[in-house]
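Asks: Throw the hints in and build the complete structure from the sequences for me.
Protein chains in written order, with this note's numbering: chain A, 1 to 407; chain B, 1 to 223.
Some hints here could point you the wrong way.
Only pairs whose alpha carbons sit at most 25 Å apart, straight line, appear in this in silico SDA-like list of lysine to any residue [as the list claims (entries may be wrong)]:
id : chain 1 : residue 1 : chain 2 : residue 2
1  : A       : Lys383    : A       : Arg354
2  : B       : Lys114    : B       : Gly73
3  : A       : Lys26     : A       : Pro61
4  : A       : Lys80     : B       : Glu45
5  : B       : Lys114    : A       : Gly339
6  : A       : Lys62     : A       : Lys26
7  : A       : Lys382    : A       : Ala393
8  : B       : Lys114    : B       : Asp74
9  : A       : Lys374    : A       : Glu399
10 : B       : Lys114    : A       : Thr305
11 : B       : Lys160    : A       : Pro56
12 : A       : Lys62     : B       : Cys66
13 : A       : Lys382    : A       : Leu352
14 : B       : Lys160    : A       : Leu55
15 : A       : Lys80     : B       : Ser31
16 : A       : Lys62     : B       : Gly93
17 : A       : Lys26     : B       : Lys114
18 : B       : Lys160    : B       : Arg85
19 : B       : Lys156    : B       : Asp74
20 : B       : Lys160    : B       : Gln115
21 : B       : Lys160    : A       : Asp59
22 : A       : Lys382    : A       : Arg397
23 : B       : Lys156    : A       : Pro61
24 : A       : Lys80     : B       : Gly93
25 : B       : Lys67     : A       : Lys374
26 : B       : Lys156    : A       : Ala393
27 : B       : Lys152    : A       : Gly57
28 : A       : Lys382    : A       : Pro356
Which chain B residues face chain A? A few, computed with CB under 7 Å, are given here [stated by the list, open to error]:
id : residue
29 : Ala44
30 : Phe47
31 : Lys55
32 : Phe59
33 : Val60
34 : Leu158
35 : Glu177
36 : Lys198
37 : Tyr215
38 : Ala219
Quick caveat, the hints were computed from the structure, so don't treat them as lab data.
Small disclaimer: the values here were computed from a predicted structure and weren't measured.
Glycine residues also receive a C-beta, built at the ideal position from the N, C-alpha and C atoms.
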Amino acid sequence: MTDPCRAFEEQLLDLIYDELVEADAKALHMHAASCHHCRTALEEALMVRRLASQLPGDDPPKSIDDVVLSEASRWAELQKESVARAGADVPLPFAPGSRGRPQKKRLWVPAFAAAALAASVAVVSIVLVRDAEQMSANESPAPDRVAMESKREPAPPDRFSSSPASSSESTSFSKAPNAPAQMDRLDEEAPAETPEAPAAGSRLRASARAPAKDAASGSRPEGLSKKKPERSGLTKQKEAASSAPLKLERKSKAKTENHFAKSPPASRGVETSGAARARTAPPRPDPPVTFEEASRAYDRGDCQTAIRGFAPWADTGRVDPQKAQRALLGLARCESRRGRCSRAVLWYSRLLERSPSHPSRPSLLWEAAMCERKLGRVEIAKKYLQELTVFPAWKKRAEQQLRQLDD
Amino acid sequence: MTRVSTTVEGIAASSCAARDAASPNAPRAGSDEELMRFFQDGNAEAFASLYGRYKKPIFVFLLRQCKSPSAAGDLTQDTFTRVVRSAGGFRHGARFSTWLYTIARNVAVDAARKQKHRDHRSLDQPVRPDGPALAEKISGADPQPDRLTTSKRLQKDLEKAIAALPEDQREVFLMREYAGLPFREIAQIVDVREGTVKSRMRYALESLRQQLCDYADYARTLS
Numbered sequence: 001m002t003d004p005c006r007a008f009e010e011q012l013l014d015l016i017y018d019e020l021v022e023a024d025a026k027a028l029h030m031h032a033a034s035c036h037h038c039r040t041a042l043e044e045a046l047m048v049r050r051l052a053s054q055l056p057g058d059d060p061p062k063s064i065d066d067v068v069l070s071e072a073s074r075w076a077e078l079q080k081e082s083v084a085r086a087g088a089d090v091p092l093p094f095a096p097g098s099r100g101r102p103q104k105k106r107l108w109v110p111a112f113a114a115a116a117l118a119a120s121v122a123v124v125s126i127v128l129v130r131d132a133e134q135m136s137a138n139e140s141p142a143p144d145r146v147a148m149e150s151k152r153e154p155a156p157p158d159r160f161s162s163s164p165a166s167s168s169e170s171t172s173f174s175k176a177p178n179a180p181a182q183m184d185r186l187d188e189e190a191p192a193e194t195p196e197a198p199a200a201g202s203r204l205r206a207s208a209r210a211p212a213k214d215a216a217s218g219s220r221p222e223g224l225s226k227k228k229p230e231r232s233g234l235t236k237q238k239e240a241a242s243s244a245p246l247k248l249e250r251k252s253k254a255k256t257e258n259h260f261a262k263s264p265p266a267s268r269g270v271e272t273s274g275a276a277r278a279r280t281a282p283p284r285p286d287p288p289v290t291f292e293e294a295s296r297a298y299d300r301g302d303c304q305t306a307i308r309g310f311a312p313w314a315d316t317g318r319v320d321p322q323k324a325q326r327a328l329l330g331l332a333r334c335e336s337r338r339g340r341c342s343r344a345v346l347w348y349s350r351l352l353e354r355s356p357s358h359p360s361r362p363s364l365l366w367e368a369a370m371c372e373r374k375l376g377r378v379e380i381a382k383k384y385l386q387e388l389t390v391f392p393a394w395k396k397r398a399e400q401q402l403r404q405l406d407d
Numbered sequence: 001m002t003r004v005s006t007t008v009e010g011i012a013a014s015s016c017a018a019r020d021a022a023s024p025n026a027p028r029a030g031s032d033e034e035l036m037r038f039f040q041d042g043n044a045e046a047f048a049s050l051y052g053r054y055k056k057p058i059f060v061f062l063l064r065q066c067k068s069p070s071a072a073g074d075l076t077q078d079t080f081t082r083v084v085r086s087a088g089g090f091r092h093g094a095r096f097s098t099w100l101y102t103i104a105r106n107v108a109v110d111a112a113r114k115q116k117h118r119d120h121r122s123l124d125q126p127v128r129p130d131g132p133a134l135a136e137k138i139s140g141a142d143p144q145p146d147r148l149t150t151s152k153r154l155q156k157d158l159e160k161a162i163a164a165l166p167e168d169q170r171e172v173f174l175m176r177e178y179a180g181l182p183f184r185e186i187a188q189i190v191d192v193r194e195g196t197v198k199s200r201m202r203y204a205l206e207s208l209r210q211q212l213c214d215y216a217d218y219a220r221t222l223s
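Replies: In structure tokens:
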């Protein structure tokens, strides 16, 4: 390629889009006239442009005009008002010839005021919470708290966290600071035992999150303020949970199911002081999700809500088989979507087992096989794929995948 | 919008025409940036004029990005609503078109990201492994393609070819070809070097040329 050709190629786009000065464009055209290669390149580029110009220019829907223009009118009115409020002695914002961005400057004042207000509210609330804690510490415990305490044996300070199944409240509250660590572990291990685990895990996560919020917001529940779990207890609990995930899962499931129904011990403790209870109210639990809401959440891709809504329906096969099927499918695909293959395969396997004539069985087999493959369980993946070869539409793909797995 | 290439018919030209058809109360003289300044002073008509200029190019840009007219309408509305709400932050040293397309691109990227999360199958819909791709369905599902004129077939194939471009090439192609933005401005919008923009454009044109090579004769009749 000669230098003029190289220059031509570099400037071809500028040439066909009229971004060159006339002299340069003329020079390139002259070169193209004498160079077959460059002329062809120019003609091809212009051909694409000519063809591209044939695309019709679709009109936007008229309905958006009103929305946009009314929004603009509102904004303009506000702008005018702010100018009027500023007074005649204040230079008009963006008046012709003026520079700067007065609107931004004005935003400083309310923003700063809001920040100052928020800081002062935070300080006051911390003081009030401390007062409440002191008050309740001086008062006698509430009757139900006494009952709860009497049921338990006197225990070392790390009692709450030493046993994962001692009580739902202790499980959820005592581990609040370390909850995320345990959640991760449950995500990985618990589902390997039983399909209930995902639901239990998510519920445990929800329960573990609640006190964590309390701790973060400074309104620490009294149960925690009095008996802080020691680190050794938490470690023990983690070890116990990891050695017996099934046990933990069963118990935590049973307890976390009641977690939202009962008021947690912290709130009961706070009952001794009405004012303090009002100030240190526990975080509101997530509202329950109906099946229909879960279906809608699934459709819009909100897997977290869908899982929450589908989970209670997964075991209702005898009551409503159709809903149970849909719930299992939704759970499987949502978990798969979130990359939690270890959970997804459990839902898939349960669905495949329960519904041998499911209309989507081939795709379920395929999806389950892909999840198993991701988990490295090649043999199980192969089993699914072998079953898939029975379906003519899937045979080729399944066999291809089987070959890849063999390799 | 003097930067719209006069050699390209259709959208870009119509956007220029829209400027002329702007409201009589709007400040006629001046650039986009001047209109924006009037709007910042509280003149809603100035914005109406800007909206008239750009609503169609922006709609087409978003339509080719998201491939759904209804979604493109929503995104267009979203884009201009964002323009209104952040009008106070527009700097007069900047070009309005650059700023506008940056917002539109961000809107499109956000929508694509959300769509990616939503894009999963219905609970009742089995997967067909050997079914045709969506793009193939668009063009190939027509029962009697021979009845279509070359022009209509071209439009369909062109839409398909543009949709098949990689996202980074497609946005550059749309901004240069249909919005008439110069390469330097596109480089600012997509936040890459001008050379990168041109490289993407070259790839895009080459890809389109290969896919539309059947229309070479037809293209000659257009010149």
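Asks: Are the hints correct? Go through all of them and say.
Replies: Comparing the hints with the structure gives:
Proposed proximity of Lys383 of chain A and Arg354 of chain A is supported: the alpha carbons are some 17 Å apart, at most 25 Å. Of the pairs offered as hints, the one joining Lys114 of chain B and Gly73 of chain B holds, with about 16 Å between alpha carbons and a cut-off of 25 Å not exceeded. For the given pair, Lys26 of chain A sits about 43 Å from Pro61 of chain A by alpha-carbon distance, which is inconsistent with the 25 Å threshold. In summary, the hint linking Lys80 of chain A to Glu45 of chain B is supported, as the alpha carbons are separated by about 13 Å, within the 25 Å threshold.
The suggested pairing of Lys114 of chain B with Gly339 of chain A holds, with an alpha-carbon distance near 17 Å, which does not exceed 25 Å. About 44 Å separates the Cα atoms of Lys62 of chain A and Lys26 of chain A, which puts this hinted pair outside 25 Å; it is violated. Under the criterion of a C-alpha separation no larger than 25 Å, the hint pairing Lys382 of chain A with Ala393 of chain A is consistent with the structure, at around 18 Å. Annotation: proposed proximity of Lys114 of chain B to Asp74 of chain B holds, straight-line Cα distance about 14 Å (limit 25 Å).
Pair hint Lys374 of chain A plus Glu399 of chain A holds up; C-alpha atoms about 18 Å apart against a cutoff of 25 Å. For the proposed pair Lys114 of chain B and Thr305 of chain A, the alpha carbon gap of about 16 Å is at most 25 Å, so the pair holds. A C-alpha spacing of about 14 Å is found between Lys160 of chain B and Pro56 of chain A, which places the hinted pair at or below 25 Å, so the restraint holds. Of the pairs offered as hints, the one joining Lys62 of chain A and Cys66 of chain B holds, with about 19 Å between alpha carbons and a cut-off of 25 Å not exceeded.
For the hint pairing Lys382 of chain A with Leu352 of chain A, the CA-to-CA distance comes to about 15 Å; that is within 25 Å, so the pair holds. Annotation: proposed proximity of Lys160 of chain B to Leu55 of chain A holds, straight-line Cα distance about 11 Å (limit 25 Å). At roughly 22 Å between alpha-carbon atoms, Lys80 of chain A and Ser31 of chain B fall within 25 Å of each other, so this suggested pair holds. As the CA atoms of Lys62 of chain A and Gly93 of chain B are separated by approximately 32 Å, the hinted pair breaks the 25 Å bound.
For the proposed pair Lys26 of chain A and Lys114 of chain B, the alpha carbon gap of about 48 Å is over 25 Å, so the pair is violated. Note on Lys160 of chain B and Arg85 of chain B: the hinted pairing is violated, with a Cα-Cα distance of about 35 Å set against a maximum of 25 Å. Between Lys156 of chain B and Asp74 of chain B the CA atoms are separated by roughly 23 Å; this keeps the pair inside 25 Å, and the hint holds. A distance of roughly 20 Å separates the Cα atoms of Lys160 of chain B and Gln115 of chain B; the hinted pair therefore holds under the 25 Å criterion.
Under the criterion of a C-alpha separation no larger than 25 Å, the hint pairing Lys160 of chain B with Asp59 of chain A is consistent with the structure, at around 19 Å. With a C-alpha separation of about 13 Å, the suggested pairing of Lys382 of chain A with Arg397 of chain A holds against the 25 Å cut-off. Annotation: proposed proximity of Lys156 of chain B to Pro61 of chain A holds, straight-line Cα distance about 21 Å (limit 25 Å). Between the alpha carbons of Lys80 of chain A and Gly93 of chain B the distance comes to roughly 23 Å, so the proposed pair stays at or under 25 Å and holds.
Pair hint Lys67 of chain B plus Lys374 of chain A does not hold up; C-alpha atoms about 32 Å apart against a cutoff of 25 Å. Taking the CA atoms of Lys156 of chain B and Ala393 of chain A, the gap is about 29 Å. The hint is violated against a cut of 25 Å. The hinted pair formed by Lys152 of chain B and Gly57 of chain A meets the criterion: a straight-line CA distance of about 14 Å does not exceed 25 Å. For the suggested pair Lys382 of chain A and Pro356 of chain A, the alpha carbons sit about 18 Å apart, so the restraint of at most 25 Å is met.
For Ala44 of chain B, the interface hint holds, since its Cβ comes within 7 Å of a Cβ in chain A; the closest pair sits about 4 Å apart. Against a cut-off of 7 Å between C-beta atoms, the interface hint on Phe47 of chain B holds, since the closest Cβ of chain A lies about 4 Å away. Because the beta carbon of Lys55 of chain B sits about 5 Å from the nearest beta carbon in chain A, less than 7 Å, this interface hint is met. A distance limit of 7 Å between C-beta atoms decides the matter here; for Phe59 of chain B the minimum to chain A is near 4 Å, and the interface restraint holds.
Hint status for Val60 of chain B relative to chain A: holds, with the closest Cβ pair at about 6 Å, below 7 Å. Nearest Cβ of chain A to the Cβ of Leu158 of chain B: about 5 Å, under the 7 Å cut. The hint holds. Because the closest C-beta pair between Glu177 of chain B and chain A is about 5 Å apart, less than 7 Å, the hint holds. Given hint, Lys198 of chain B at the interface with chain A, holds; its Cβ is 5 Å from that chain's nearest Cβ, closer than 7 Å.
Checking Tyr215 of chain B against chain A: minimum C-beta separation of about 6 Å stays under 7 Å; hint holds. For Ala219 of chain B, the interface hint holds, the least distance from its beta-carbon to any beta-carbon of chain A being 4 Å, beneath 7 Å.
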